[in-house]
Structure formats: structure tokens, C-alpha cells
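Q: Chains as they are written, first to last, in the working numbering: chain A, 1 to 252; chain B, 1 to 252; chain C, 1 to 252; chain D, 1 to 252.
Some hints could be false.
Where chains are identical, the list cannot tell them apart; a pair therefore holds if satisfied intra-copy or between any two copies.
Lysine-lysine pairs mimicking DSS-like chemistry, simulated, CA-CA at most 25 Å apart [what the hints assert, rightly or not]: (1) 45 with 70; (2) 77 with 20; (3) 150 with 173; (4) 45 with 77; (5) 45 with 131; (6) 168 with 100; (7) 173 with 100; (8) 251 with 70; (9) 131 with 20; (10) 131 with 235; (11) 239 with 193; (12) 213 with 20; (13) 144 with 239; (14) 20 with 251; (15) 235 with 213.
Just so you know, these hints were derived from the structure itself, not from any lab.
Chain by chain, the residues:
Number of protein chains: 4
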Amino acid sequence: MIQITLIQIDNYGPWTVTPKPRREADLQVLQSRLYADLESLFSSKGGLVFFSRFDNLIAITNGVTLEDHKQIQNSIKNRYPLTISFGIAAGETSLEAQYKASHVLQGSGSSRSEVRREIIAVDSFAQSGEKVKIAHIDINGVTKGFTDSKPAYENYVMVNEVMVELMKGLKEKNALLFFIGGDNFMSPCNGLKDEELNQVFDEIYQNLGISLKAGIGIAENADVASQLADLSLEKIRGKEIEGCICILENKY
Amino acid sequence: MIQITLIQIDNYGPWTVTPKPRREADLQVLQSRLYADLESLFSSKGGLVFFSRFDNLIAITNGVTLEDHKQIQNSIKNRYPLTISFGIAAGETSLEAQYKASHVLQGSGSSRSEVRREIIAVDSFAQSGEKVKIAHIDINGVTKGFTDSKPAYENYVMVNEVMVELMKGLKEKNALLFFIGGDNFMSPCNGLKDEELNQVFDEIYQNLGISLKAGIGIAENADVASQLADLSLEKIRGKEIEGCICILENKY
Amino acid sequence: MIQITLIQIDNYGPWTVTPKPRREADLQVLQSRLYADLESLFSSKGGLVFFSRFDNLIAITNGVTLEDHKQIQNSIKNRYPLTISFGIAAGETSLEAQYKASHVLQGSGSSRSEVRREIIAVDSFAQSGEKVKIAHIDINGVTKGFTDSKPAYENYVMVNEVMVELMKGLKEKNALLFFIGGDNFMSPCNGLKDEELNQVFDEIYQNLGISLKAGIGIAENADVASQLADLSLEKIRGKEIEGCICILENKY
Amino acid sequence: MIQITLIQIDNYGPWTVTPKPRREADLQVLQSRLYADLESLFSSKGGLVFFSRFDNLIAITNGVTLEDHKQIQNSIKNRYPLTISFGIAAGETSLEAQYKASHVLQGSGSSRSEVRREIIAVDSFAQSGEKVKIAHIDINGVTKGFTDSKPAYENYVMVNEVMVELMKGLKEKNALLFFIGGDNFMSPCNGLKDEELNQVFDEIYQNLGISLKAGIGIAENADVASQLADLSLEKIRGKEIEGCICILENKY
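Isolated chain A (complex conformation):
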């Protein structure tokens, strides 16, 4: 079971334009720092946060307790001009877990309610011993073929096209997909089979002419699983492994 926390800024949209639109640069600074803080706070408990839409962030939180969530919620209130709410759920797949996390939080009121503040809506927690599976995916040959030779924006568009195709392909297999910078993506993918991932990669190669590889990690929490995924990816890059998928599992 993978545990997902949906993090939602309370009543953010109205705040950004009250009493008049706030300066765009300030909002960008605010959002990226809030994400950095959430990442720092959750990861020190073993979690991992994806910025997603910045006002609705998705985190893998196996091992992060209700008490931890309360303290993080409190720290954010003490540092920012706004507050956050959480929906927490465990599922067999990340798609299922985020679905339940969204549902339980939506049940507590609108994201734009003036009264819904600092909710922690719990569907379920993962149990100790249950594992997280994460794939770190990147694009082959991106520095030579793109960054050093094509205009920056065209590479950016290409990366986004690949992202959307990955999102669509992986969603059919019940896995989520997030952009993490450069030409890198992370997919919380409990239950995903190697042949399913290969199939998604094949379709993207046929549609876009882009080839991908994936290092996969399995561990007790997202922090360790993502580290193993990075090590797996290095094995492929270093040609220690044939093919485009490598898996490492933390058995302890």
C-alpha cells in the first residue's frame, strides 16, 4: 500500500487577488518557497512531495504520522500568510490512493471556502512494513540531442509533450507521473509491472521518437525508494545493466 497526502492551500485563489491582484513575482516566490518547505519538512519524516499545481500538491507519505502532519501544518501557518489542509489515504496503487485522498478532503468543504481551514481529512494510513515503489524516468541523450543544440524553449515544449504522454500512458496502468526538473520524471507506481512500463515507453517512442529509461526503487518510504531509484538509473546510465529498466529493493 502506498500512502498519498493531498496538500491544498486553503482559499488560495481569492487570496491572490484580494484586495487587488498581488504581484506575480511575489506569488511565484511564495509558491516555490512553500513547496521547498513542504519538501524539507515531509522528507525529514521520510516523505516526498511533488509540486504538481503548487496550490494542490501531492506527496507520498508512508511512515508520516497524523502527529507529523499536524506539526507540518502548524509550521506552515507560522511562516506563511496562508494555511494548508490535508487529505490522507492509502491505496494499492498511487492512482487509487490520490483518488481517495482527494475524495475525503473534498468532503470537508470547498478549496475556496472562507471557513474551511487547516483540515486533516483521513481516509486511511499505510501500515508499517508496506512498501513504496517509485520509478525515476529520464530521456535518453537529452544534453547532446537537445539542450546543447536546440533552442531552450523547444526543448521545454518537448519535455512537456513527453510528460503528458507519460501521464496518459501511466494513468491507464494506475500510476501517477510528476516532472522533477531537467528531463526527469518520477512515478509512484506500486503495482506497475515491467512489461507495462516498457509498453508505455514503446508507445512514446513510436509517437514522439523519444526513448526513455527508468530506475526503480522499492522501500519502506519514499525518501529511501527515491534514492534506490536514482541508484538504479545510474546503473543503466553506466551500462551495468542492459535494457531501459532497473529495479533495486530495500529488503530490510
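Guided by the hints, dock chains B, C and D onto chain A, whose structure is given.
A: Relative to the frame of chain A, chains B, C and D by itself:
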């Protein structure tokens, strides 16, 4: 003429995996803080930065001088374990400007070179008095129709699909497009005509069933233009204006 | 036993002037952010950090393990252009613990060595169940008597004079003292008796005409002890308690 | 004339304990980040901020306009759970300027008022062409004599004793003094003569046995003056200059 600065982290890819892969959460914190700092530093000179791929960022920098660029480059070196290089160019359109900015920076060496550090490669600067045009685009009815009713991840996928369609449509009209959080996008769009933007919106409505609106600002720099764009968007939201496009220009 | 970690930036002095003096504002930003990060990282493990001299910081770290120290050291390296070393020791009093922590770190090389990097020098760790005692001290009537009526700098000098007197008085009783902003101080003070603290306060009143109060907390770690100290101070402020000292202890 | 801005967090004390005392670590993170942001924002306009008491900060702001102050005030409101007010004044000496800046701000209401928010109280601005004089002072032989050989806390106490003596001595000469980390201090010191500074140093040597040196910079704003002060100090450290005081002036 719009002035674009391509910001590139020097030799970032190798750094992230040397001597072994660095912790993913630390990299996420690093990237988002670097972006926040660049946004804060450039915007205090009138610029505006988009995070793009985080290791290759694109900024609108009309009014930001060579001296300002040097000081920002220096401040980043003094605060971070890495350095950045710049390519600077002005163009009739944002697509042209980023093309020239990319080209001039690529001419100074590879993004993964161990010796290319802290370059400022200049193609051209915009002149005083030249204007920046920015469109702030958002999705109609996203809170009711999506955030409060559908799973968080499905909304995130939808926003990304809209983004890629906007990117493709606007690129044909020589405009760039960036995601800025929530259901919001910004497009530096010098030279873009209203009917061209309407046409892009129509196609997206036909393909995805999603309707969009745009507040546009025109001013001497990106900081002011983006503020005007936000005010324009509020006029549409408040139904002070019919249609889905509103323009405000700073004539002084 | 109280556990103290001495945090030292490696070879910081030379770095600040190499190849030429770095911009003062950048150094101030760097130092205060480094402190904020250390505070955030240590406190999520139950610790509490005082900025002290900014290049040599002192933390109370009961409950923070060797593994935690390694991860924090690593996160700092991944985010900053410099690295840090630690000396760790437990003692009956905070003065003793910092003495041993300093000694063990100094034994591993100079703070200005070019080769001494990322040391973790361990004298001893506190055991589970051992308690931390912290006093939160503030100045009576500072808003009316000083902040709202006297020049800002004169108040600042007064606060510093009180600080140095507190430092001297408490050091004789084997307790440390740190400024934490406003008119507030914190003293890790295992072993300090109420009458000793009263005696220090009396001397300061006689020398400087300034009267002080202290909320004290005792708990399994500094995070909880400081919270109890704050609650104790509120009891005095709210006149729930007579006198200028109040103690709360976490018995669980 | 030197221009000083007193920066005051609005109603901060009550906020820190409402509805109950906020977590000490969160407050420390908040204060140090607020300082880092103020430093970054003011310095990009040529100013320099000293953290002072963290809730009352003193900045040298020659060249920072009323409009700049408004934008900084606004950016802080957009990023933090609290707001700040300013008192601005120019004076022949820094002591005089801070006196007038304090007075004009105090005239607008209490620092703990629930209604006084985001004030900009102006006594006077410095004129273009007027200079700032800053001394960067440090302690001779601190690494060998203290950091590497004595306990960290004893060094910290020593630095604070030196600071208070410097504060007292310099105040009689109408100059302010701030700690900036390590064994370093900065003194905005318009009007201070070399022999006066020498006299202060002599007294401290006689009282505490500590010898000091000062690099001094004179320039159109604090950012440049502090850079010159740093270069002056390097000249003394490098023995390019005899004695313990060196002055560099930006004549352009």
C-alpha cells in the same frame, strides 16, 4: 522588442550524481529555492522569471542591464553550491528572442562542460522605451468543475494537457507559454494579435472542451506588464468586459 | 544529561574573502538562511539551534541521533556552497557539554583547515529518558518602557548589555545563554536552581535597573522543553503565578 | 548625510503568543528568513540591513526611495504572516538618523497596536551625492587564539563583551555598531574621526586585552561602502597598510 534571458545552471546534471546521486528531496529544495531567488532578484530590477525546466529557466528582462546580470550571477554563486550562465537577446517576438538567447549561450560551450562557468553571452539588449506584452491565461470554472469535484491528479493531468495544447498553438504565433501554478499560464506574446489568441482558444475548446480567458498587459518591463495582465484578467472575471480577452497598456 | 552539538562552518573565514571579499549582503543572506535551515532540520528531530556567531552555532540535540546528524550535514552540502562539521557531547550541565563538544571537534583539526571537512566528532550522546531544562527569559515592560518610547538603537544596546550580564551570571552557574530576538533569551540550564537564577536576576536589577522573568520547561528534548518554557512564561505574564520564575515539566 | 530606516514588525509580540505560544523553532526560522529577505530586497536597491533585535531592524538606505520602501513592504506582506512598518530619516551621524527614524515611527502609534499596520513614517531622505561611511571591524587573531583553542561558548561570550564595549565607545562618538557574524562588526559611522576610533580600540584593549582593526569604506550607498570597507580590511590583513585602520573612498 522583448528581451529574454536564458538562465542555465552550469554542469548541473553531472553535479546531481557526483560522487553518487544526491538525495532527491534536497535537489527539489535546491531547485525551487534557486528559482525563488532568481525570481526575487530579477523582479527587483523589473524582470520576471519562469521556472521552465528548473535547470534551464527563461526570463523576460527588459530593463535589466548587463551590470544587473553580473550582480545576480554573483549573488547566486555566493549562496549556492553551483553557478549559472546567461544568454541574453532581444527579439520582435519572444520565440525569436529565446532562439537567439539560446544560440548565443550554446556558442560558448556545452551546458555540461566542466570548464564553462558563469558565462554571460550577449546577442542584444532591448532599448529603453520598447514594450513587453504578456498574457495571463486561466481556465474557466476550474474550482467548481475540477478542484472541488474531481481527483487532484486528474485535474493536474487536465491542466498539463491544456498547457501542451497552448504551447503548440501559441508557438505557431511566435509566443511562449509557461505554467505559473493552479490553472494559470503566462505568455510573453509581443506581436500576438487578439484574433490569433482567440483562434488558439477556439481550437482548444474544440479539442478538449476547455474554455480559456486572457488578461493582457503591455508595459516597459515584465513586472509592470504582468501586473496589468492581472488587472485585465480581473476585469473579465468581474464581467466588466465582454469576451475572453482584455488588454491594458501602460502609456507612460 | 543535556546533549550539545557544536556546529561549525568548515573554513568559512577564508571562503568569505576568496578570491576577493564577497558582498556583505550576500554573506548576511547566506548566514541567516543557513541558520534557518539548521533550525528547521534539527527541530524536526526534536532539537533546537541558537545562531550564536553564525559560523559557530550551538544546538541542544537530545534525541538527535548520529544518523540524523549525517543526514543534516549532507542536506547542507547539497544546498550551500560550504560544508559543516559537528562536535557532539552530553554533560551534566550545558556549559560542560559545550566544553566537551568543542574539545572533541577541535581535536579533529582547525576550523580554517583546507582539508578538515564534514567531520562528526563524538564525545558522547545523552541517553533516552534524560531531560533537557530550558529557561525562556524576557525583560519586564519592554514595549512601554523602551520600544515605544526610546530610540531603537538605545533599546538594542540595552538588550545587549542585559545579555552580557546574563551570560556572565549564568556562566558561573554552568548555564549558557542565547539571544533569540526582541527582548527574549533562552538558557539551556540543566542543574540550575531557582535561587541561583533569582540571584542572577537580582544582580542585574541592582546593576542595570532592569527586571527579568523566566519560564522554565523540562522535557525529553529541546523542542518540547522550549514549548513548556513558553507556556510557563505565559503563566507569569498572565499573573497566574506570583514571582518571576515558573517551571513546567513533561513527566511522560 | 546617512539615511537610516527603522524596520519594525507590526504587533509582533502578541502574535507570537496568540492563541498560544508558537513553536520556538518556527519563530526562529521566521525571523531569520525575514531578515534574509529584507537584506536581499534592500541590498538590491543599494541598502544594507542589520538584524539587530530581529523584530526591530536597522538599515542604511541611502538611495532607496519611498517607492522602493513601498514595494518591499508589499512583498513582505505577500510572503509572511505579518506586516512591517518603516521610519525613515537622514542625519549627520547614524546615531542622529536612527533617533529621528525612531521618533517619527513612534509618532504613528505603538509597535503593539492592533490597528497600526504598514506605516511608512518619513522624517527625511538623504540627497543624491551624499555619502555613507561604514567601518568593518574585526578581532585580531581570533582563529588561533580563540576558535581553535577555547570552548565555543566562551568565545561567543568574549565576542559579545567586545560588542557591548564597542557599542558604548562608539555611541559616545555618535556611531552605531552591529554584529555581523564570526568576530565581525559593522559600524555606520558618518562623521567619525580616525583618532576617535583609535581611542575606542585603545580602551577596549586596556579593558579586555582584545585588539581590533577596522577597514572603512565611503561611498554613495551602503552596498558599495561595505564592499570598500571589506577591501580596506583585506589591506590591513595583508599588511599592505600599517596600523589598524584603513580607508577607501569611492570618489565617483
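Q: Could you run down the list of hints and mark each one as holding or not?
A: Hint by hint, here is what the structure shows:
1. In this assembly of identical chains, residue 45 and residue 70 lie within 25 Å of each other by CA distance both inside one copy and across copies; the values are 13 Å within and 15 Å between.
2. Taking the shortest alpha-carbon separations for residue 77 and residue 20, both the intra-copy value of 22 Å and the inter-copy value of 13 Å come in at or below 25 Å.
3. Only between protomers do residue 150 and residue 173 lie at most 25 Å apart by alpha-carbon distance; the minimum there is 19 Å, versus 33 Å within a single protomer.
4. Proximity of residue 45 and residue 77 under a CA criterion of 25 Å is satisfied in both settings, with 19 Å inside one chain copy and 19 Å between copies.
5. Proximity of residue 45 to residue 131 under the C-alpha cut-off of 25 Å is found in both arrangements, the shortest distances being 15 Å within a copy and 23 Å between copies.
6. Taking the closest pair of Cα atoms, residue 168 and residue 100 come within 25 Å of each other only inside a single copy of the chain (20 Å); across copies the shortest separation is 34 Å, beyond that limit.
7. In this assembly of identical chains, residue 173 and residue 100 lie within 25 Å of each other by CA distance solely inside one copy; the values are 17 Å within and 41 Å between copies.
8. With identical chains, the CA atoms of residue 251 and residue 70 are at most 25 Å apart between copies only, with a shortest distance of 22 Å across copies and 30 Å within one.
9. Only between protomers do residue 131 and residue 20 lie at most 25 Å apart by alpha-carbon distance; the minimum there is 24 Å, versus 46 Å within a single protomer.
10. Taking identical chains as interchangeable, the C-alpha atoms of residue 131 and residue 235 lie at most 25 Å apart only when both belong to the same chain, with a minimum of 22 Å there against 46 Å between chains.
11. Taking identical chains as interchangeable, the C-alpha atoms of residue 239 and residue 193 lie at most 25 Å apart only when both belong to the same chain, with a minimum of 22 Å there against 50 Å between chains.
12. Taking the closest pair of Cα atoms, residue 213 and residue 20 come within 25 Å of each other only across two copies (18 Å); inside a single copy the shortest separation is 46 Å, beyond that limit.
13. For a Cα distance limit of 25 Å, the shortest separation of residue 144 from residue 239 inside one copy, 18 Å, qualifies, whereas the shortest one across copies, 49 Å, does not.
14. Proximity of residue 20 and residue 251 under a CA criterion of 25 Å is satisfied inter-copy only: 21 Å between copies versus 54 Å inside one chain copy.
15. Taking the shortest Cα distances, residue 235 and residue 213 sit within 25 Å of each other inside one copy (11 Å), while across copies they are farther apart (47 Å).
The structure meets every hint from the earlier list without exception.
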